[in-house]
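The residues making up each chain are set out below.
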Amino acid sequence: MGQYIIIGIRMVFFVLLQGLILNNVDLFGFVTPYLYVLVILLFPIEANPSLVLGLSFMLGMGVDMFSHTWGMHASASVFLAFARPYLLSLMAPRDGFPSGTPPDMSHMGINWFLVYALIMITCHHLFLFFVEVFRVSEFFYTLGRALASVAFTYLLVLIAQFLTFKQRRVL
Amino acid sequence: MRNLIQLIWKYHFILLFVFAEIVCFGILIQNNSFHKANFLDSANEMSGDAFQTLNEAKEYIELKAVNKSLSEENARLRSEAQTAYFSLTPDVRFFNDSAHLLQYEFLSSKVINSTSSKRSNYLTLDRGERNDVMPEMGIISDNGVVGIVKTTSTNYSFAISLLHKDTKVSARLKSNNYFGILTWDGSNPKVAQLDDIPAHVILKVGDTLVTRGSGTVFPPDVLIGTVRDFEKIEGTDFQAINIDLSVDFGNISYVYVVRNKLKIEQQQIETLEEE
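As they're listed, the protein sequences go chains A and B. For the first sequence, this note's numbering assigns the number 1 to the initial residue and increments by one for each residue that follows. For the second sequence, this note's numbering assigns the number 1 to the initial residue and increments by one for each residue that follows.
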């Protein structure tokens, strides 16, 4: 229960952070980080996938509310929540995940998290940018923009994780 | 029946995903069309309040630049005002008389949120229905054309920027009066594209582009930008022209909403003719 209160607070915090501050960041005129994906990354591994899907939808809608792109971030977040269980089962350690842990850097180790975050952020951003443009004619330009934002978001996600990093015995 | 329920239960995660995506795209498409009323307007009001608070903080930082721009505009208006002219015909008064009808009214407004880095960019203004702002009113700043109002709530209005994949503005080249359609290809927020100019039209870099005023949205002769470069499109009779926009969408803060008092009359007579 307490876990879900923390998740709720975290969702509100990241929606506000994204909507009021990060949406205004335009590095080189066109690179915007979408740090709120970190919330989806950090849902507990054992959480019900359908619940994660619903929460991701709400998270995306919250971000959409601030950028007037109704449904755009929500669809990308829902897609990520859908892809997450499959990726987690692909990346499971040989003897399964330790029980009751979120898939973050402190619990899963730096190397594991680097790969996990990169794949997740790339999936999310590619989906997001192609939904935004909604056409194939500008394919490579959109791809470039998406990948530039992936790099920026990835950097911020890693910084955020190092800020809360606690060295544990990696299982 | 039992099998069906079992089947649904087995694939409920995938079905839930598909359902959620259908909802998302439904909302997305509904809100993309220009005329649809926004059923989430009350939420718009909510985020509007949040943006306003943030904007009040940001204003302090931008105060100096805004003051400069405003005083420049004041100076320009002063030089255009009647009192700046020496009257050669003292018997003729030009304004506020029954021989001239006031067509355009300008409502000053503050941009409380805007983007310029997306493929489709938007602005939020702190004026709404309370001040008679309606969808499809034009927005200009002291530097030129900014965008078009899309939806309004009581205190806020939400506008699509000139930097949007669906924005089309009828524009006129001041030097030779040819007109074309201004669009934005999404690559550079300082450069837009002018279409429909025939290949035989002779252009110069730096030629001024203004609004044509043919639609009911913008008044005529509002600055848009200057010609950056141009080349003939092979196999057609038209030129591809890049326009340096006069408005810097990265730091836009004060704008005017244009209210065209003759709009309904013009629209009525145009639709009458089509029928």
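Don't take each hint at face value.
Result set (DMTMM-like, lysine to aspartate or glutamate): computed pairs, CA atoms no more than 20 Å apart in a straight line [claimed, not checked]:
hint, chain 1, residue 1, chain 2, residue 2
1, B, K261, B, E129
2, B, K110, B, D185
3, B, K165, A, E138
4, B, K232, B, E265
5, B, K190, B, D229
6, B, K168, A, E132
7, B, K165, B, E56
8, B, K165, A, E46
9, B, K165, A, D104
10, B, K10, A, E46
11, B, K190, A, E138
12, B, K110, B, D142
13, B, K190, A, E46
14, B, K168, A, E138
15, B, K261, B, D229
16, B, K58, A, E46
Note that these hints are calculated values from the structure, not bench results.
Verification of the supplied hints:
no. : hint             : verdict
1   : B:K261 to B:E129 : holds (16 Å)
2   : B:K110 to B:D185 : violated (27 Å)
3   : B:K165 to A:E138 : holds (12 Å)
4   : B:K232 to B:E265 : violated (39 Å)
5   : B:K190 to B:D229 : holds (13 Å)
6   : B:K168 to A:E132 : holds (19 Å)
7   : B:K165 to B:E56  : violated (30 Å)
8   : B:K165 to A:E46  : violated (42 Å)
9   : B:K165 to A:D104 : violated (39 Å)
10  : B:K10 to A:E46   : holds (18 Å)
11  : B:K190 to A:E138 : holds (19 Å)
12  : B:K110 to B:D142 : holds (13 Å)
13  : B:K190 to A:E46  : violated (48 Å)
14  : B:K168 to A:E138 : holds (19 Å)
15  : B:K261 to B:D229 : violated (37 Å)
16  : B:K58 to A:E46   : violated (43 Å)
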